[in-house]
Amino acid sequence: KQEVTQIPAALSVPEGENLVLNCSFTDSAIYNLQWFRQDPGKGLTSLLLIQSSQREQTSGRLNASLDKSSGRSTLYIAASQPGDSATYLCAVMGGGATNKLIFGTGTLLAVQP
Amino acid sequence: NAGVTQTPKFRVLKTGQSMTLLCAQDMNHEYMYWYRQDPGMGLRLIHYSVGEGTTAKGEVPDGYNVSRLKKQNFLLGLESAAPSQTSVYFCATSILTTQETQYFGPGTRLLVL
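Going line by line, the protein sequences match chains A and B.
In terms of the working numbering, the first sequence opens at residue 1 and continues consecutively.
In terms of the working numbering, the second sequence opens at residue 1001 and continues consecutively.
Fair warning: there could be bad hints in the mix.
[Claimed, not checked] For the chain A half of the interface with chain B, some residues (derived, Cβ under 8 Å), not all of them:
no.	residue
1	K42
2	L44
3	Y76
4	M93
Derived by calculation from the structure, the hints in this document are not laboratory data.
Being a predicted model, the structure only gives us computed values, none of them experimental.
For each residue, glycine too, the CB sits at the ideal point set by N, CA and C.
Work out the full structure: start from the sequences and follow the hints.
See below:
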């Protein structure tokens, strides 16, 4: 059974710092890995999607990497801003034809001004 | 273009009462999903549908039923609510490919007393 773990559970950094969020998964047979952002009381917003054949994806100040063989992904946020404060969720899409996602428990990020 | 909407936004139920949560989408997506989000447990899949008239069980289906009579709507029913069903419920949709993400609604917060 696929399990997704995110470390740390919570992180507080000063504004301007570069930071890394970690995600690990137990079964390397995945179609893709996705990073989402969730603001308090809101739904999830997709940030980056990395296909299993890819090594990384970039969007603005965000860079996500994928090492399928070791079951790890990182989300790198450059020059953090208070507006980046949110919960970041990692999810993997496993085998089968249903596009089901298995989520980690998230990392709560607070960027202090 | 509203995307994915959920009704209601918040509801309080007494143990044993029933209710239906509505998810509506205007993106013509084939796949629809119901998740629940609980503190420290991430999002867990309750039921999903791969097309109009189809439904299937997810990770935590007990105590819930679903229906997809129209492509744009996915209903989640609680026949006899229990305090353990206190949670935030999210609906999501996606298209028929592993190369696209899921799109989430804003959530329904349910409190069962």
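Given a cut of 8 Å on the nearest C-beta pair, is the interface hint for L44/A held or broken against chain B? 4 Å, holds
So, as I understand it, the hint says M93/A touches chain B; can you test that by seeing if any CB pair is closer than 8 Å? 6 Å, holds
Quick one, is the K42/A hint okay against chain B at 8 Å, beta carbons? Since chain B brings a Cβ to about 6 Å from K42/A, closer than 8 Å, the hint holds.
Given Y76/A as an interface hint, is the shortest Cβ-Cβ distance to chain B below 8 Å? Violated - the Cβ of Y76/A stays beyond 8 Å from chain B, reaching only about 19 Å at its closest.
The structure shown violates just one earlier hint, number 3.
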